[in-house]
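**Student:** The whole structure should be built from the sequences, with the hints applied where relevant.
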Amino acid sequence: METIAAKSLLYAKNCKPLTSPTCISPSFLQCKTCPLSYQSAGNIGFRRLRLHCTRIIIKHEIECTRKNVGVVHASSNGGTTSAGVTAQGWLLEPVGDGDYKHIGFKVEMPGAYEIFSREMIVGRVPDKADLVIPVATVSGLHARVQNKEGNLLVTDLDSTNGTFINEKRVPPGATALVPPGSLLTFGDTHLAIFRVSRLEKTIEETASDTEEQPQTDGASAAKQSEES
Numbered sequence: 000m001e002t003i004a005a006k007s008l009l010y011a012k013n014c015k016p017l018t019s020p021t022c023i024s025p026s027f028l029q030c031k032t033c034p035l036s037y038q039s040a041g042n043i044g045f046r047r048l049r050l051h052c053t054r055i056i057i058k059h060e061i062e063c064t065r066k067n068v069g070v071v072h073a074s075s076n077g078g079t080t081s082a083g084v085t086a087q088g089w090l091l092e093p094v095g096d097g098d099y100k101h102i103g104f105k106v107e108m109p110g111a112y113e114i115f116s117r118e119m120i121v122g123r124v125p126d127k128a129d130l131v132i133p134v135a136t137v138s139g140l141h142a143r144v145q146n147k148e149g150n151l152l153v154t155d156l157d158s159t160n161g162t163f164i165n166e167k168r169v170p171p172g173a174t175a176l177v178p179p180g181s182l183l184t185f186g187d188t189h190l191a192i193f194r195v196s197r198l199e200k201t202i203e204e205t206a207s208d209t210e211e212q213p214q215t216d217g218a219s220a221a222k223q224s225e226e227s
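Those letters in the sequence shown? Residues 0 to 227, by numbering that gives the first Met the number 0.
These are calculated hints, taken from the structure and not from any lab test.
A hint or two may mislead.
What the hints assert, rightly or not - Simulated crosslink set (DMTMM-like; lysine to aspartate or glutamate; CA at most 25 angstroms straight-line):
| no. | residue 1 | residue 2 |
| --- | --- | --- |
| 1 | Lys200 | Asp129 |
| 2 | Lys200 | Glu92 |
| 3 | Lys167 | Glu113 |
All of these numbers come straight from a predicted model, not from anything done at the bench.
**Tutor:** Here it is as structure tokens:
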């Protein structure tokens, strides 16, 4: 009986009761007479250490992924955006004296025109022409100008007052080359005469889609690891 009582006192001294059923006290972890409890505490500690290491590895992978992610700019045809392209065009600069007495009412001088399209219709009527010259002596459909292979070509469309390169008239329906520096007249030497010169413009390609690679893979993996 004395031996049993001594063992009970020794057990009570080394193994103190838990203050809470869900917390693990230091005395419980240090109890030499409770091998099962000590083993469970060791497993919990190892599991926490393994989870901590897993978090460190995943965090490192996320940082590496973010460093490698870049923004890809895609053009309308699915390719990446390239540098600007230099386009060859033409400038029509008005050089008339602005006299409108022959028309009978005041007419404003037209402004300068830039031609970068392959083909444009010159005329007085906005619904029919691409390059509109609001002067009465200009026909509704007066001429066609073409920007072709680095040259400017003009075709008279049976206009009433004619199309002229310098002082030479272009025959109706005929196409003629307009040299740089020459004077191009659409029916009126006072209000619709232009000096022709070359013009270059850098055209930037428009990026229609801007996509960024998702960065949620690493975060999802970390969340799944914590839940396990």
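**Student:** Of all the hints given earlier, name the ones this structure violates by number, lowest first.
**Tutor:** none
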